[in-house]
Structure formats: structure tokens, C-alpha cells
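Number of protein chains: 2
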Amino acid sequence: MKTPVCVLGLGLIGGSVLRAAAAAGRVTFGYNRSADGMNAALADGFDATADLESALTRAAQLSALIVLAVPVPALPALLEQIRRLAPDCPLTDVTSVKAAVLDDVTAAGLAEKFVGGHPMAGTAHSGWPAGHAGLFEGAPWVISVDDHVDPTVFATVLDLILDCGSVAVPARSEEHDAAAAAISHLPHLLAEALAVTAADVPLAFALAAGSFRDGTRVAGTAPDLVRAMCEGNAPQLLPTLDRAMALLAEARESLATESSVADLVNTGHAARTRYESFPRNEIVTVVLGEDDWRRALAAAGRAGGVIRSALPTPDSR
Amino acid sequence: MKTPVCVLGLGLIGGSVLRAAAAAGRVTFGYNRSADGMNAALADGFDATADLESALTRAAQLSALIVLAVPVPALPALLEQIRRLAPDCPLTDVTSVKAAVLDDVTAAGLAEKFVGGHPMAGTAHSGWPAGHAGLFEGAPWVISVDDHVDPTVFATVLDLILDCGSVAVPARSEEHDAAAAAISHLPHLLAEALAVTAADVPLAFALAAGSFRDGTRVAGTAPDLVRAMCEGNAPQLLPTLDRAMALLAEARESLATESSVADLVNTGHAARTRYESFPRNEIVTVVLGEDDWRRALAAAGRAGGVIRSALPTPDSR
Numbered sequence: 001m002k003t004p005v006c007v008l009g010l011g012l013i014g015g016s017v018l019r020a021a022a023a024a025g026r027v028t029f030g031y032n033r034s035a036d037g038m039n040a041a042l043a044d045g046f047d048a049t050a051d052l053e054s055a056l057t058r059a060a061q062l063s064a065l066i067v068l069a070v071p072v073p074a075l076p077a078l079l080e081q082i083r084r085l086a087p088d089c090p091l092t093d094v095t096s097v098k099a100a101v102l103d104d105v106t107a108a109g110l111a112e113k114f115v116g117g118h119p120m121a122g123t124a125h126s127g128w129p130a131g132h133a134g135l136f137e138g139a140p141w142v143i144s145v146d147d148h149v150d151p152t153v154f155a156t157v158l159d160l161i162l163d164c165g166s167v168a169v170p171a172r173s174e175e176h177d178a179a180a181a182a183i184s185h186l187p188h189l190l191a192e193a194l195a196v197t198a199a200d201v202p203l204a205f206a207l208a209a210g211s212f213r214d215g216t217r218v219a220g221t222a223p224d225l226v227r228a229m230c231e232g233n234a235p236q237l238l239p240t241l242d243r244a245m246a247l248l249a250e251a252r253e254s255l256a257t258e259s260s261v262a263d264l265v266n267t268g269h270a271a272r273t274r275y276e277s278f279p280r281n282e283i284v285t286v287v288l289g290e291d292d293w294r295r296a297l298a299a300a301g302r303a304g305g306v307i308r309s310a311l312p313t314p315d316s317r
Numbered sequence: 001m002k003t004p005v006c007v008l009g010l011g012l013i014g015g016s017v018l019r020a021a022a023a024a025g026r027v028t029f030g031y032n033r034s035a036d037g038m039n040a041a042l043a044d045g046f047d048a049t050a051d052l053e054s055a056l057t058r059a060a061q062l063s064a065l066i067v068l069a070v071p072v073p074a075l076p077a078l079l080e081q082i083r084r085l086a087p088d089c090p091l092t093d094v095t096s097v098k099a100a101v102l103d104d105v106t107a108a109g110l111a112e113k114f115v116g117g118h119p120m121a122g123t124a125h126s127g128w129p130a131g132h133a134g135l136f137e138g139a140p141w142v143i144s145v146d147d148h149v150d151p152t153v154f155a156t157v158l159d160l161i162l163d164c165g166s167v168a169v170p171a172r173s174e175e176h177d178a179a180a181a182a183i184s185h186l187p188h189l190l191a192e193a194l195a196v197t198a199a200d201v202p203l204a205f206a207l208a209a210g211s212f213r214d215g216t217r218v219a220g221t222a223p224d225l226v227r228a229m230c231e232g233n234a235p236q237l238l239p240t241l242d243r244a245m246a247l248l249a250e251a252r253e254s255l256a257t258e259s260s261v262a263d264l265v266n267t268g269h270a271a272r273t274r275y276e277s278f279p280r281n282e283i284v285t286v287v288l289g290e291d292d293w294r295r296a297l298a299a300a301g302r303a304g305g306v307i308r309s310a311l312p313t314p315d316s317r
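Line by line, the protein sequences are chains W and A. For what it's worth, UniProt numbering labels the leading residue of the first sequence as 1, then goes sequentially. For what it's worth, UniProt numbering labels the leading residue of the second sequence as 1, then goes sequentially.
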């Protein structure tokens, strides 16, 4: 039988995990702090409670995989209860900043059973009603391969990711956070700066077309969401932002003194071209638990590798 | 009878103007310096020559509207020949930096007959074969309303713009150039900087999705084109770039010292929201040649106004 799944937090992401796991035939149940989210899940025919203690007691009885799907600030209190009531359950999360979550989990003494995760799926809307079982279909879902990660828990979390229809991308937590700063948080800040700059120029909005529309699209995201992701990843975002600002400052200097933006434009075009042909290979040969398996997975993920089906274990060979 | 049209330079934009004007039933003929472009136009059944003198002599005989569609560096030599052979013809251009072109035209003593223009249409490919009569359909086409502009020449150029299926946006040359810096040239530099920054981060391309793809799309544009537009508009691009860099520097400081990017994110979201609901009103009441008509048009264009059909003249009322 597949591992039962207990989802803590039934918003867009948690609610979608609950639905997808149920659709895959698993025993599923969820907890939500507010009665609204719980009632919405119950009304849709799912097993949900607003009583954390009963949810965790049941998780412990069933040895369920616990999925942390609450905002990061709510984690420490939740982890304290997990340690008290369900310390032996495998544990994962679906939040966006991996190092901060790992720190909280480690502080609660639960790292041994924890393998972090981050589904790269849309967040334009929020709450239980916005979720659906197909939200993660085909999307990359980062699964952490930090030094402490246990191969059995890893296999358990991977199984859920594949049940949700995602492809798993193995990564170390700090590498995930640095990449997220570069490909998600920095683009948001650049888009905001572009929107503000153009707003001050008479005629700009009257003439704005493709490059402005694309370049500011993510500035349409709710400010609270943008702040939470950028501010929660400040240690990685600051050096990334510094790098982008240094590139712009060099281009500015070169434009002012030599009437040229050749360096930035040539390297930018080359980088974008490289991105367009970035390979996506399937990872099939790494054996979970063998020597150096975590390092091998992190290297494969970095090179564009994804996991599309269960990986072998020493037992399964 | 509609004013005949003589297009100088039969690349993507010039070639498309020639086709659109012919499709509107006008007498049209073109000049191209290289035999390749001329032969391609001839093979498609259009009237084209590589002999500038004969093209301009004919333009003078027909009092044709001359359309400058050559790269900016080629303008001074071309304008010299126009002054010699066709100084009384109405004159417009279809290049992207309006103040520099106006300077060249003024230096050649042809400002009296000149009304600048800039169709905001795609430039991903180039050359005669890439063009077509529908290229400008529905696109904004800037028409300049600088202090020197003559109402009769303005009406003649406007007529061509409308024949090409575009909506005309009246603007002063320096305002056009400042707006182009903010909505086109700055987005290109930000996209290049984002692509270069992410390229240096392991795992970034492996996880890159929507916000990175959108934010770097224009970094896929040919470097020569990006350089030409940015470097040709340096006087306007430099202060625009400074403004964006100052906004990013403020956000960086606030993130480092207060763990907050609230200011940038809130103003960016507000600006993007304002852009999404920017009005597009039709300009119908300005009478060409009446007191203050240029100022009235520039103000209307700045507020989002567009011209969709011929404007009244003192004679026509």
C-alpha cells in the first residue's frame, strides 16, 4: 500500500497536494487552522480537520508522510507539535525557500526524517478553491539532497512527487535558493523597477508594447507574495541583485564613455541562447543510498537532469 | 488622387511600406542601394531601382511623399541628394530614434517639408523578403508634432499611416525618444543583465520557468539590432537606466537593512496596474493648422490618444 499522506495547510499548494494524492489512490487527510479552508475541503468530499492534535495523532498511527504546506512564519509552532505527537513520520514541505525551512526543521530536531521539496507551480491565486489535482502535472518539483537526507525518506517523498504528475529535480537546499533568487526573485524586482521607471515618463504607456508588456508581466503579481518570496530569500537575493546591478553599471559606463553596450548585449544574447537549448535528461542510474548518491543526484540536477520514475535502491537491484 | 509614395530603402520596414501603399491603390516606387533588395522587389512585381538619381527625379516630378527607410548612418548622404533633386517633396522617415533624424534633416535644410514617423512594428527578421503589406495593421505609428511641423505635410504623412492600417500616435521627437528608452531600450538591457546573472548560477537554467522566460525573451533579439537601438538613443537611455538602477539600489539597501522590498514592490505593482488600464481614446477634434494644434496633439498623444481617421483642416470645416 502507498504511504498515507497528511497535509498541514490546505491553501492552493497544500490543497492541490491533498487532491492529487487522493486521486492517486492514497489515504489522505488534511489539517487547516482556519475553519474556512477546512470546511471548503470537507464540502469537496475530502477528509479535513481544524484540530492539529487529532491530525498528527492519526499521522503517527498510520506512519503517514506529513507535508508542511503553511507559510514559513507558521512553521516553528507546527514543528513543535509534530515533534511531540508524530516524531517518527517522514516529513516534507512545499514552500519556496529551502534553507530557512531546513533550519527550522533542524532546530525542532526533526531533520533525520525530513526531505524538503518545492513544486514550481503557479501561485497567482490562493486558497483551497484555487487548487486542483492537476496543478503539478508536468511541473518541475525540487527535492532536496542535502547531506543529512535519508534514502528511504527520499524515496517516500519522490513517490508523492511522481504521484502528483511532476518531474523531480534533485538539488541541495542552498543551491535551490540561489537559483530561485536568479530565476524568480530577481526577475520580479527588475520587472517592478521597469514598471516604476516607465510610469514616470510621459508617453511611455501610450507607446508600450511587447518588450514592456513581457518585461513587467510579473509586476502584476500580488505585492504580498512578491515580498514574501524576496524577503524570505534575502541572503541569496542580495548577491544576485548586486551582480545584476554591477552588469548594468558596467553597461552604463560603457554607453556613456564609448557609446557601446556591446559587452552586455553579446553576453546576454549568448546566455539566453544557451538557456533555450538547455538539456533535460532523465536520471535513471543513481541508486538511492549507495556511496555518494546525494552528490551524484545534485550534480545530475544541476546539469538539467530530472527524475520521472522511481529510482533503484540497493534492495531493489 | 492619393499622393504617390517613393520609399528609399527596401528592407523589412521600407519594403512593407511600399507594399502597403501599393495595396491602398497608390502609385509607388522604391530605391534600394543593393541590387539584391531591388531585384527581390522587382521579382515580386514592384517598381524598384538601384539608381537613386532616377528615383528622386521621378519623385520630384510627381510631388511624391518620400519615405526614408535606411539605417540612420546612411541618412546624411541620402538627404544631400534629396536636397539637390527633390527639395520640395514632402518627407517622412520610419526609423526608431526621432531626435537624431530630425537633426540630420535640419542640417540638410529639409526640415520644412519633414514630419518624422516611427511604426512600432516587429523587427525580429530583416530584408525585403521578411516584409508584407499587413505588417503595420493595428500597430501604433508615431507621427511627430515638433514645433516646425507643417500641417499640410502632417496630413500627407498621416494619410499614409492610415493607409498602412496603423493608428497614429502624435508625439514630440524628444518625448518619443524618452518613451522608447523606457519601454523598449531599458527592457532590453534588463533582460540581458538577467540572462547573464542567471547563467552564472548552477541549477538556475534547470529550474527556470515563466518569470525567467518572460524576463529574458527580448535577450533573444539579434545583438546588432539591440546595440543599434540602445546606442542610437544614448542621450535618453542613460537617465532612464540611472533611474532604474537607483530604484534597484534603494530596494537593495532596504532589503539589507530592513529585510523589506515593500517600496519597490508596491509602486511597481501600482504602475503595472495603471498600465493595464491605460486609456486609448480616439483623437477627433484637433483641427490641423489651427492655433496650438501641435501642442494639443502632443498632449492628446501623451494621454493615450490615437488618430484612426483623417483629422479636419481649416479648409475642410
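Since the hints were made in silico from the structure, they are not lab data. Ideal placement from N, C-alpha and C gives every residue a C-beta, glycine not left out. Treat each hint with caution, since some may be false.
To be verified - Just the calculated beta-carbon pair ranges, DEER-fashion:
#: 1; chain 1: A; residue 1: ASP292; chain 2: W; residue 2: SER126; range: 36 to 46 Å
#: 2; chain 1: W; residue 1: THR257; chain 2: A; residue 2: THR49; range: 36 to 46 Å
#: 3; chain 1: W; residue 1: ALA107; chain 2: A; residue 2: ASP263; range: 24 to 34 Å
Quick rundown of the hints versus the structure:
1. For A:ASP292 paired with W:SER126, a C-beta distance near 51 Å fails the hint of 36 to 46 Å.
2. Separated by about 42 Å at the C-beta atoms, W:THR257 and A:THR49 satisfy the suggested range of 36 to 46 Å.
3. Look at W:ALA107 against A:ASP263: about 32 Å separates their beta carbons, and that is inside 24 to 34 Å.
Hint check: a violation occurs at hint 1 only; the rest are consistent with the structure.
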